[in-house]
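Here are the chains, one letter per residue:
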Amino acid sequence: MAFHWAAIPRFIPQLLAGAQLTLLITLVAMLIGIVIGVAMAAGRVSRFRLLRMLAGLYVEFVRNTPALLQIFILFFGMPSLGLRMSATTAGSIALGLNAGAYLAEIFRAGLAGVPPGSREAAVALAFNRLQTLVYITAPLAMRAAWPAFCNLFISILLASSLLSAISVYELTGITNDISTKTFLTFEVYSVAALFYVVLNVGVSLLLALAGRLLFPPQSR
Amino acid sequence: MNFSLVWEARWLILDSFVVTLYLSASAVVGGTVVGMIVALLRQFGLRPLNLLLRAYVELFRGTPLLMQLFFIYFGLPLVNVSVDRFWAAFIALTCFTSAYVAEVFRSGIEAIPRGQSEAATALGMGFFHRFFWIIAPQALRVSLPPLIGVYVSVIKDTSLATVVGYNELTRRAMELMLRFGHPLEFFITVALLYFAICYPISKLSERLERKLTPSAR
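If you're matching them up, the sequences are chains W and S in order.
In my numbering, each residue carries its 1-based index in the first sequence increased by 1.
In my numbering, each residue carries its 1-based index in the second sequence increased by 114.
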């Protein structure tokens, strides 16, 4: 078979627009995810049994069902409860809800990793509960959770491709569209895969940089 | 909420549940075998080979599974390899999973103290003897919990085969919804079925992890 690479540059602007939407969806989903993740992590270590149970149920249900199905539930299922959203909105929220469950576990593990000595030191210095959390526990937990947070960020970036299944024209959606219209399947998918790799590497580098700034390596 | 339609369609749903299990099992076996081979080949320490294998792992971990699936389903026929829906899903899932499995094994192998390998060399063992009798069994033990975690992802990821029209559980829910309406009922039922297999396996992975690393508690 013959390849027609020369036809590809024409579609670059469309692919770039798709990549932009992919990034936007990822960012929105991660923001929603952080809010839910913090709430659920707090719920899971709460003093109230009911809160612990509800948060646990949420986390386990989301983590043990396919993300695609969660997107379908929000996009196709919510209108029957009277909640109608555009595909992009529904998809971003679904991804955010998904990220929230994983982030809850990441934050919880981060909290669990804070050595009890540092909390005891805060008590000895007469910090109250809020001060201990804000100045001592949270920063230490965030530092410990950062690598896992970065990994999840990349997972969500890749998972945003699932939104093409509800016809959102992000990078994968655009690629499918171009492919079915032009039959340049091989060429266009290769270029899109390259786009994903670039997005991936770019986001990873930015996150690594942010990590260095937020959590400078400690001198011992 | 009206689940009577779901009950009427129960055999259709169960039928595709079996299809999902079949695809999951195939992909787990395929992904593990290929992933083990990749991890083994990386042990030889040949530079060009390592570069190639790293590119393989990074490529399949760095691009969305959905895109790989489309690429294989629509792309392979162009080079005169005909793939049906099962094979497209199987090949894509196998490649994707093998990249993760290879990484799990690699970190498992790296977790084994160097002294083990050095002691085996001192006893006059060759590469194969050393790898298969000393390193691999210990690495396998360390790798087991994350490996099972990967398998849970595989079960969930089989849902992506929907997009190429393979009639697994998610696809069946979609078709039932398009025919009878009631999207929430069908999707939630199917979600519970996924949960029913994934949850126990996740718990098993967590339990093994606690058992194998007593220091973490």
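Bear in mind the hints are in silico, worked out from the structure with no lab data behind them.
Fair warning: there could be bad hints in the mix.
Okay, the calculated beta carbon distance ranges per label pair [what the hints assert, rightly or not]:
no., chain 1, residue 1, chain 2, residue 2, range
1, W, 4, S, 246, 41 to 47 Å
2, S, 230, W, 81, 55 to 61 Å
3, S, 157, W, 4, 49 to 55 Å
Partial list, derived from the structure: chain W residues whose beta carbon lies under 8 Å from chain S [what the hints assert, rightly or not]:
no., residue
4, 77
5, 165
6, 173
7, 177
8, 194
9, 214
Note that the Cβ used here is the ideal one computed from N, Cα and C, for glycine as well.
Hint check:
1. 4(W) x 246(S): 41 to 47 Å: holds, 43 Å
2. 230(S) x 81(W): 55 to 61 Å: holds, 59 Å
3. 157(S) x 4(W): 49 to 55 Å: violated, 36 Å
4. 77: holds, 4 Å
5. 165: This interface hint holds because 7 Å falls under the 8 Å limit.
6. 173: This hint holds: residue 173(W) lies near chain S, its Cβ roughly 6 Å from the closest one there, short of 8 Å.
7. 177: holds, 6 Å
8. 194: Status holds, d = 5 Å.
9. 214: Since chain S brings no Cβ nearer than about 25 Å to residue 214(W), farther than 8 Å, the hint is violated.
This entry does not satisfy hints 3, 9, going by the numbered hints stated previously.
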